Each structure stands twice: as structure tokens, then as C-alpha cells.
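The residues making up each chain are set out below.
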Amino acid sequence: MFSSKIFLESFEPLMWAARYTLLVSGLGIAVGLVIGALICMASMSKSGFLRGFAAVWVSYLRGVPMLVQLLVVYYLLPVIGIDVPAIVAAVGTTAIVASAYISEIWRGAINALPKGQAEAAVAIGMAPGDVWRRVVLPQAVSLSLPALINELILLVKASSLVSVVGIMEITRASQAQAGSTFRPLEVYLAAACVYLAINLCLAALGRYLEHRMAV
Amino acid sequence: MELSIFAHYWPMLLKGFGMTVLCWILGTGFGMALGLIIALIQRYSIAPVRWLVQVYVEIIRGTPFLVQLFLLYYGGPMVGIRLDPLPAGIVGLTIYGSPYFAEIFRSAFRAVPTGQIEAARAIGMSEPTIVQRILLPVGLVSALPALVNFSIILTKETVILSIITVPELLYQTQRMSTETFRYLEANLVLALFFWVFVEIISRIGRRFERRITHYLIERP
Amino acid sequence: MVQASSVEVRNVDKFYGPFQALKNVSLSIPAGKVTCLIGPSGSGKSTLLRCMNFLEEYDRGEIRIDGKLIGYDAPGRKMSARNLRQMRRSIGMVFQQFNLWPHMTAQENVAEGLVRVRGMSKPEAMARAATELGKVGLADKLGNYPSRLSGGQQQRVAIARAVAMEPKLMLFDEPTSALDPELVGEVLNVMKALAAAGMTMVVVTHEMGFAAHVADQVAFLEKGELVAVDSPAGIFHAPKDERIWNFLRTYNERNSF
Chain R
1 MFSSKIFLES
11 FEPLMWAARY
21 TLLVSGLGIA
31 VGLVIGALIC
41 MASMSKSGFL
51 RGFAAVWVSY
61 LRGVPMLVQL
71 LVVYYLLPVI
81 GIDVPAIVAA
91 VGTTAIVASA
101 YISEIWRGAI
111 NALPKGQAEA
121 AVAIGMAPGD
131 VWRRVVLPQA
141 VSLSLPALIN
151 ELILLVKASS
161 LVSVVGIMEI
171 TRASQAQAGS
181 TFRPLEVYLA
191 AACVYLAINL
201 CLAALGRYLE
211 HRMAV
Chain Y
1 MELSIFAHYW
11 PMLLKGFGMT
21 VLCWILGTGF
31 GMALGLIIAL
41 IQRYSIAPVR
51 WLVQVYVEII
61 RGTPFLVQLF
71 LLYYGGPMVG
81 IRLDPLPAGI
91 VGLTIYGSPY
101 FAEIFRSAFR
111 AVPTGQIEAA
121 RAIGMSEPTI
131 VQRILLPVGL
141 VSALPALVNF
151 SIILTKETVI
161 LSIITVPELL
171 YQTQRMSTET
181 FRYLEANLVL
191 ALFFWVFVEI
201 ISRIGRRFER
211 RITHYLIERP
Chain E
1 MVQASSVEVR
11 NVDKFYGPFQ
21 ALKNVSLSIP
31 AGKVTCLIGP
41 SGSGKSTLLR
51 CMNFLEEYDR
61 GEIRIDGKLI
71 GYDAPGRKMS
81 ARNLRQMRRS
91 IGMVFQQFNL
101 WPHMTAQENV
111 AEGLVRVRGM
121 SKPEAMARAA
131 TELGKVGLAD
141 KLGNYPSRLS
151 GGQQQRVAIA
161 RAVAMEPKLM
171 LFDEPTSALD
181 PELVGEVLNV
191 MKALAAAGMT
201 MVVVTHEMGF
211 AAHVADQVAF
221 LEKGELVAVD
231 SPAGIFHAPK
241 DERIWNFLRT
251 YNERNSF
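Residue numbers (full-length UniProt numbering), protein chains in the order written: chain R, 1 to 215; chain Y, 1 to 220; chain E, 1 to 257.
One chain only, chain R, in its complex shape (with noise of 0.2 Å):
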């Protein structure tokens, strides 16, 4: 029989272990801005090796399963010397892995736009790092907003698989739970309402977002 005793007593934990849920996602996606910008800037560059870079860099993080690179990482860090908690080879990979497909959004974004604004910018005489600064970014950084908020919904998802290297966020917290309660079925139901309710609370903020820039 379906409990709904341990159904609603698992919220508790699960939730305090959304902390870690969160803290994954949140710094993955912050983290990932800012290498997803350098690897977009990259990818725009005159530089043939810098394109290059930005290309390899892209198509082996969206090629390569997101398991498999925390595995990497997670085994990698200690062999090159570096002893750091697993937490940061989580939030490390995260990052890396939402760098890929950020530098993808903005990119998209700045080609979104149309040429010509930017043409009338240097028309009228602003310098280059003021066309970009005034014009190209604050438009393609709102243009993308609304793709943003969508690979942090990706990311509070992909943040399950941390896991796997024994941290405890919402599915590795709901594991324990279930392994010492034996009622998988509800304790697993409650980890799926805990995901919901924050990726939904994440939808609504992504249709706000879109909404009043359409206005």
C-alpha cells in the first residue's frame, strides 16, 4: 500500500538536500556564463587556432555524457595532483558542460540580431568596444535570457547524476531515504515533486522573463 505517512515525512530531508541541488545548478549555470562567454568570443575570433579551440572544446562536451565526464574529472584530478572535495569536481564539470551549449546561446543571440544596428552604431562613429558594450550585449544578453533559464532547468535535472560521486543533493539524499525506509515508491515520488516544483518555479521565472521582453 502507497504510504503517505513516509510519502509527505521524506519532503523534509529531500528538501534540505535540494540545498546541494541547487548550489550544483546554481554555480554550474555562474560559472558556466563566464567560460561560455570566453568560449563565444572564441568561436567569433579572428584567430584560426582560437576557433579551432572553441569548436573541439564544444563538440567534445556536448558529444560526451555527462556521467562519463564527471567520472573523468572526478578520477583525472587526483592523478594531475589536484585534491579537492568532490563537490568542486562536481560543480567543475557542471560548469565545463553548461559552457558548451551557453557559448552556443549567446552566439545564437548575437547572430540574431540584426547586422544593421550594429553597422549604424560604427556609422555614427562609436568605437568598436562601445558598439559591443552598448549595443550587441545588452540586447543579446537579454535575447537569451529566456534559453538560459532553460539549460538551468537542464542543469537542476543533469545535477542528479553528482550522485554518482556521493554528494548529497535531493536524488542521492532520496537513495539513503529509500535504502533506510524500504518504500522506494514514495520516497522516490517525493525526490520527483521536489524536481518539479523547482524546475516549474524555474518555467514561470523563464515565461516572465520572455514576457516582458516581448513588451
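Everything labelled a hint here was simulated from the structure, so no lab data went into it.
Please note that the accuracy of each hint is not assured.
What the hints assert, rightly or not - Ranges between beta-carbon positions, derived for each pair:
hint: 1; chain 1: Y; residue 1: M12; chain 2: R; residue 2: V56; range: 27 to 33 Å
hint: 2; chain 1: E; residue 1: R64; chain 2: R; residue 2: L113; range: 55 to 61 Å
hint: 3; chain 1: Y; residue 1: S126; chain 2: E; residue 2: R10; range: 26 to 32 Å
hint: 4; chain 1: E; residue 1: K223; chain 2: R; residue 2: L38; range: 57 to 63 Å
hint: 5; chain 1: R; residue 1: W16; chain 2: Y; residue 2: T213; range: 47 to 53 Å
hint: 6; chain 1: R; residue 1: K5; chain 2: Y; residue 2: T213; range: 55 to 61 Å
hint: 7; chain 1: E; residue 1: N255; chain 2: R; residue 2: D130; range: 47 to 53 Å
hint: 8; chain 1: E; residue 1: Y72; chain 2: R; residue 2: F2; range: 47 to 53 Å
hint: 9; chain 1: R; residue 1: G129; chain 2: Y; residue 2: L192; range: 35 to 41 Å
hint: 10; chain 1: E; residue 1: S150; chain 2: Y; residue 2: P113; range: 17 to 23 Å
hint: 11; chain 1: Y; residue 1: I41; chain 2: E; residue 2: K78; range: 19 to 25 Å
Fair warning: this is a prediction, and the values are worked out from it, not measured in the lab.
Every residue, glycine too, gets a C-beta built ideally from N, C-alpha and C.
Go by the hints and put chains Y and E onto chain R.
Chains Y and E only, in chain R's frame:
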């Protein structure tokens, strides 16, 4: 680096790869079929059914694949669904992929020009015939790039099945590394392997797209 | 001579929400004649045409084809999908955007309805399609996909597709509006041939030349109202209503140098 382990373990890895491909093809095939059914329901069914389907779509899209798998594999037996790892993995992939495939079909159907449907109505074609002869063929072609793209994403999701002990490639790799303590080499090679594999199937996918859409290319 | 239908439109109203697209429109379309519907854009002429095969559902009034009500079994009671399909089989329609099916060749486009709706065998339908395409001057384009045909050729395929079903009434919804000017003639010629064969034709058009020379009667609509029905000479040379006169003046100004 110690790569000689592969000389010894390759038959096991090959079997794992076969399993990966099997899960991928079945998961993609069934997921696409379920997604198509969902999209047709969303287009043709009465409102309450559409809402139910929409709730299913939101739930699946809002939760991680791993949690869905745990629910199915560990929670399933409590409601009488007892599946071995492999069937559980394939059912899991099917369920996980279905709302994404449904969304692809849905927007592809929306992209079929209304006029082409009206032209069929105007000569007296029945709705089922219109679906079969116009909506599906025209829609499928415009859905093709997105379908190929998502199928490739699903390849990568198959590794998650190792966590419920489906003996696919990552599972076999982990077995090899625990027996040899060569964790880094094993995972690194696996990563490279996936990279190449995904590149290859993307290319095949693009070629396939071009062949199917040849008649859309204007050459007056 | 083909077997031709007559159409009787009586007191038809059509609403889009609060907006009334057709206001109490009545119009007789005699068998074997060409009726052109003209008027400014948004006047409701396309809506009226699309009501005649019930692609657009009218809300009040009745449209009868050979005396048979289309769309409804009785006022307010909609016809079954099967009966509607049955009626549509004898009404051909040609659209502004051609609406050929992009995944089928010209010949397959024409054969499709014969197979799926008329139940003809595939080889028989393909042979028939070839004949029909020959009649519109496309005998050498049977195997071409729509994307490889010019707009004028596509529209001629679309006409062949409709004619192949042996309709007794043909509806044309701005058939030349999407065409480059140099391609308009070839489509109008096919339509003239159909008219000469005695087909009942209802044509929404901006081609005043076609209306003046081919039509048996011209109906002028504005803002959902049928302003006048008259012979082409009556409409173009002695318009009785100021609105027609204004419309024609604007038309002439736009089309003269």
C-alpha cells in the same frame, strides 16, 4: 597510462557497446512512437484528455531521468511492475524521451501549412486520410532535423542505465576499472569513444536528412 | 460540356467573434456561368467563397448547391463529416498559395484525390493525372516536385488536381495573386478554357481584365456587404454605387503609369 587492459577486456566492452546500441535504438524507436501518439492526441483529442497528456508531459520534462528510472525500477515492484534492468531501462528511455519527441512532432504538425490541409479537405479527403497522406509525411520531414538531434541526445542518456545495472558500455567500463584499478584510463577512453561515436552518428544523421528532403530543394 | 452546378446563397451571416465578416449576403450563381467576386481586401469575398464548400462555417442563412444545403442538415444542425466530404467531392477549389503537397510529384498530386477519395486504382489514377496535366500544358512536368515548378506551373497543377475530380463547380480564391506578373497569363488561359467548357466558376480576383472579359456576372462586396451584382459592363462602365466607383478609381490609379 595503462592501455593494455583494453587488449584483455575488449570482448566485454564490445558486448557493452552492443547493449548501448540496443537500448538506444529501442528507446528511441518506442519513444518516438509514444511521442507521435501524444502529439496526435494533443492535436485531435477532446480537452480533458489533452490536459491529462499535458500533465504527463510536464512531469516527465520536469524531473531527472535518473529519478524516473529509480521510480520505475525500485518503486515499480511496489505497485506490481517488476522489470529486469534491461526492460526497465528501455521502458525508462521510452518514457523519458516521449514528451520531447511529442513536442518535436507537435511543432512540426503546426508548421504544415493550413492550406495544404484545406486543399485535401476541399477534394473531400477524410481526416484520417489527411493525417496519413499529408500531415504525417509533410510534418515528419520538417521534424527530421530535430528528431535526429534528440535521438543523439538519447545516446548519451543510455549511460545512466548503468546505475540500475543494465550491462551497457559504461557499466562494463566500470567493471573493468574496478577489476584493474585503472579508473582514469577506462573513463577517458570511454569519453573519447563516445565523442567519436556521437560525431559519426551526427554525420550519418545529416546525410540521411539531405536524402529525405531532396525534393524540397528548389531547382527550377 | 461538363455537368455544372448552380449555387444559391441566401441571407448568409458570418462572424469572427464580434466581427461580422458577411452581412446578410444573397447571391445566385447560375450553372455554367462565371461569377467574379471583387472588392477591396477585407471585404469578405474570400470568406464568402470559402463558405461555399464549408471550409469556412457560416453562422446564419443558407448556401445551396443544386438545391442541396451545404454544411448543415437543417438550419443549426451540422452535417456529418461524411456527407460534407461527399458534397465537397463535386466542388473543386483553387487557392492563392497553390497548396500543392510538397512531398508528391505533380502527377501524384493530381492522382492522390482520385485514389483516396474516388477509390480509383493507382495506375488508372496516374494515367488520368497525366491526361489532366496535359490539358493544362504540363505534360512534360509529370515527375516534377512542386519546389521545382514555377508559381504559374504550380497553380496549373493545382487546377488540374481540382478538375481531375470532375467537379461541377469550381471555386478560385485569388488564383493569380501570388504569381509574378508574367506568369498570370498562363493561369488565366487555363481558366478561360474551363469557362468555355461550361464549368460553373466562382472567382475571387483582383484581375479586373479577367472579370471584365470572362465573367458572366460580377459581384462587388465591401465590408461584408454585397453591394451590387451586375453584368461586367454594368459594374465596370456604369457602376450604380459610389463605393464601386471609388474602388475602380483606386484600382486604375494603382495600375496605370
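Given a hinted range of 19 to 25 Å, is it respected by the beta-carbon distance of I41 (chain Y) and K78 (chain E)? Hint holds: Cβ distance 24 Å, inside 19 to 25 Å.
Can you let me know if the beta-carbon spacing of W16 (chain R) and T213 (chain Y) is within 47 to 53 Å? 51 Å, holds
With 47 to 53 Å as the target window, see if N255 (chain E) and D130 (chain R) comply at their CB atoms. 49 Å, holds
Evaluate the given range 47 to 53 Å for the C-beta pair formed by Y72 (chain E) and F2 (chain R). 52 Å, holds
S150 (chain E) and P113 (chain Y), beta-carbon distance inside 17 to 23 Å? Roughly 19 Å apart at Cβ, these two residues keep to the hinted range, so it holds.
Within 26 to 32 Å or not, the Cβ separation of S126 (chain Y) and R10 (chain E)? 29 Å, holds
Is the distance from the Cβ of R64 (chain E) to the Cβ of L113 (chain R) consistent with 55 to 61 Å? 56 Å, holds
Could you see if the CB distance from M12 (chain Y) to V56 (chain R) stays within 27 to 33 Å? 30 Å, holds
Are K223 (chain E) and L38 (chain R) spaced within 57 to 63 Å by their CB atoms? 60 Å, holds
Just to be sure I understand the hint, the distance between the Cβ atoms of G129 (chain R) and L192 (chain Y) should be within 35 to 41 Å; is that true here? 40 Å, holds
K5 (chain R) paired with T213 (chain Y), Cβ distance criterion 55 to 61 Å: 56 Å, holds
Of the numbered hints listed earlier, not one is contradicted by the structure.
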